[in-house]
Amino acid sequence: MAKERTQKIMTRLGERTINSDAILYFPRGLVGLEDKREFTLLPVREGDSPFLLLQCITDPGLGLLVADPYSFIDDYDVKIENPDRKVLKVENIRQLAILVTVTIPQDRPEDTTLNLQGPIVINTETKIGLQIPQTEAGYPTHFRPIGS
1 MAKERTQKIM TRLGERTINS DAILYFPRGL VGLEDKREFT LLPVREGDSP
51 FLLLQCITDP GLGLLVADPY SFIDDYDVKI ENPDRKVLKV ENIRQLAILV
101 TVTIPQDRPE DTTLNLQGPI VINTETKIGL QIPQTEAGYP THFRPIGS
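In my numbering, the protein residues as written are 1 to 148.
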């Protein structure tokens with residue numbers, strides 16, 4: 001059996017050890033962060049939380065709080081055009097994980113919002129990710145799932 005390769009990275013949550021096969025590659029980076037290409041997903045806390053940290057491998061200070069949007073909204077529909085499908089190397093829709101960025105204002109967790117306009121789509125098999133803006137869908141950048 002092959003030995004798993006691991007590496008230590010610094011994160012906003014402290015030092016973490018990750019498996020090399022947990023590294024996600026974003027060929028275009030993320031919106032506003034086009035030069036950052038390698039990330040990993042880390043649990044924010046133990047248990048069954050919809051929240052994860054999308055941590056940049058090369059920049060310890062860059063970690064985005066993300067969530068599974070389907071934990072908050074059932075009818076969220078992400079359109080993925082053919083050029084993006086090719087970049088992601090999609091063979092089957094079940095390969096894809098959809099995440100959205102989360103904003104929690106300091107000292108006001110009740111005002112938490114999800115950015116439904118800029119979903120992050122990850123092919124969980126190829127470990128390739130893209131942020132695919134949904135400009136035509138009319139989704140808000142600040143959807144309030146809690147206390148709405």
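For the record, the hints were derived by calculation from the structure and aren't laboratory data.
Please read these numbers as outputs of a predicted model, since none were measured by experiment.
Watch out, some of these pointers could steer you wrong.
To be verified - With a Cα cut of at most 25 Å, we get these calculated SDA-like pairs of lysine to any residue: (1) K86 / I98; (2) K79 / K8; (3) K36 / A97; (4) K89 / D107; (5) K79 / I9; (6) K89 / P145; (7) K89 / D35; (8) K89 / S49; (9) K8 / I18; (10) K36 / P145; (11) K36 / D107; (12) K86 / S49; (13) K8 / P145; (14) K86 / G29; (15) K89 / I132; (16) K36 / I73; (17) K79 / V121; (18) K79 / E136; (19) K79 / P145; (20) K89 / K8.
Said to hold, decoys possible - Taking CB as the label site, the calculated pair distances span: (21) E136 / N92: 33 to 39 Å; (22) E15 / G138: 20 to 26 Å; (23) K79 / G47: 18 to 24 Å.
By construction, the Cβ of each residue, glycine as well, lies at the ideal position given by its N, Cα and C atoms.
_Index of numbered hints that the structure contradicts, given in increasing order_ = 2, 4, 5, 6, 8, 10, 11, 12, 13, 16, 20, 21, 22 and 23
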